[in-house]
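There are 2 protein chains.
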Amino acid sequence: MNVLILHAHPEPQSFTSALRDQAVGTLQAQGHEVHVSDLYAMHWNPVASAEDFCDRDNPDYLVYALEQRLGVKTKSLAPDIQQELDKLLWADLLILNFPIYWFSMPAILKGWIDRVLVSGVCYGGKRFYDQGGLAGKKALVTVTLGGREHMFGEDAIHGPLEDMLRPLLRGTLAYVGLDVLPPFVAWHVPYISADARGQFLLDYQQRLERLDQDAPLVFPRLAQFDEALYPIR
Amino acid sequence: MNVLILHAHPEPQSFTSALRDQAVGTLQAQGHEVHVSDLYAMHWNPVASAEDFCDRDNPDYLVYALEQRLGVKTKSLAPDIQQELDKLLWADLLILNFPIYWFSMPAILKGWIDRVLVSGVCYGGKRFYDQGGLAGKKALVTVTLGGREHMFGEDAIHGPLEDMLRPLLRGTLAYVGLDVLPPFVAWHVPYISADARGQFLLDYQQRLERLDQDAPLVFPRLAQFDEALYPIR
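Residue numbers (UniProt numbering), protein chains in the order written: chain H, 1 to 233; chain U, 1 to 233.
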């Protein structure tokens, strides 16, 4: 497999970085090819703007998705976007590796999503969910967070973590057609011992070694809806 | 009331900007004081990093929330953060005005959340949800999106919009203690007529004129959980 790891943490020595290194080592040892996009190290620009297009369909009024479609056709996307898009299309597995900020991604990673998942390639028209442009590839979300495991779940104070991550798991990764594997979660990271952290790294290694056995999460399929996207009963 | 509008759209002539202008006009006509933070126009930096702190508790290893707490105590937060935090503390009502990107905020706005909702002021320790640091203030999310209304809801293809917005409505705004009003949603905006857009502006005006009659959404209260944050049965 070709694997692209999106890594987004402002501290190079963080435990999130150790998870990244564990993924690189484990996956390479299995014979996979791995590329890491370290967004902080790359000084990735997360702000979607008119400057993302070297050529404009309408220079007077920006409709971002329309300009993306033109940019794909005429190869005029900004070079930093095109480079990341090429890596994404090369990859069979996309790993998003980040600390939870406000129950979602750090802005630098959200801005990778905003700018790189371009209309006309990753989705567009009726190409979304199981018909999405990236169908056939897999995605794994690997997160660290401060909360404890019992704070998440049906009756727990924050509800299920998958519900908090819904715009990412369903609204983004599943939307573009990826098979979304259950997230790998390291709980309570700032407060735990070196041993407990080591155990998470071991668990992660074992998870990655058996990733082909993971069943993806279940999301809507377009065949369940009619032409106007009303549910078929 | 003092009102802070966070506006995040890359096109100054967008319908999202018209909603911002409608809010400014309507609220000022009612005698409220309104400030707009136009994140694109401000060239807001959305990337949380070590450079957000003029003084460091630990210069060798960044724990972002810990540095926020020190930054609050010693008034050493980066000036752009402190300015926005001052506006937030001044406001009685916070309006987030943005186009839906990937079922959530554009990265530039997510980075306002990441950097400005600082630990030690907005939350910290057992100060969250109804005990959050911003309790007593209100929040309104005003969004534009491409999808049609029937694509959202219990059996709809994307599920309820409030579920997609959960990390923002519950995990962020309610978490810091804000009373979160039901979102104002302008559907299918890129595809509708000028008349239909005008109707949304009128609906928004009427909504804003009666905002004090809106019941906030219901979220967890800390009294429903024990000291270790297990639910009390």
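Just so you know, not all the hints are guaranteed correct.
[Stated by the list, open to error] Dumping the calculated EDC-like pairs for lysine to aspartate or glutamate here, alpha-carbon to alpha-carbon at most 20 Å:
(1) U:Lys126 to H:Asp226
(2) U:Lys126 to H:Glu149
(3) H:Lys126 to U:Asp155
These aren't lab readings, by the way, just hints derived from the structure by calculation.
Now for the hints, and whether the structure bears them out:
1. U:Lys126 to H:Asp226: Given that 20 Å is the threshold and the Cα spacing comes to 48 Å, the pair is violated.
2. U:Lys126 to H:Glu149: holds (17 Å)
3. H:Lys126 to U:Asp155: holds (19 Å)
Going through the hint list in order, the structure does not satisfy hint 1, though it satisfies all others.
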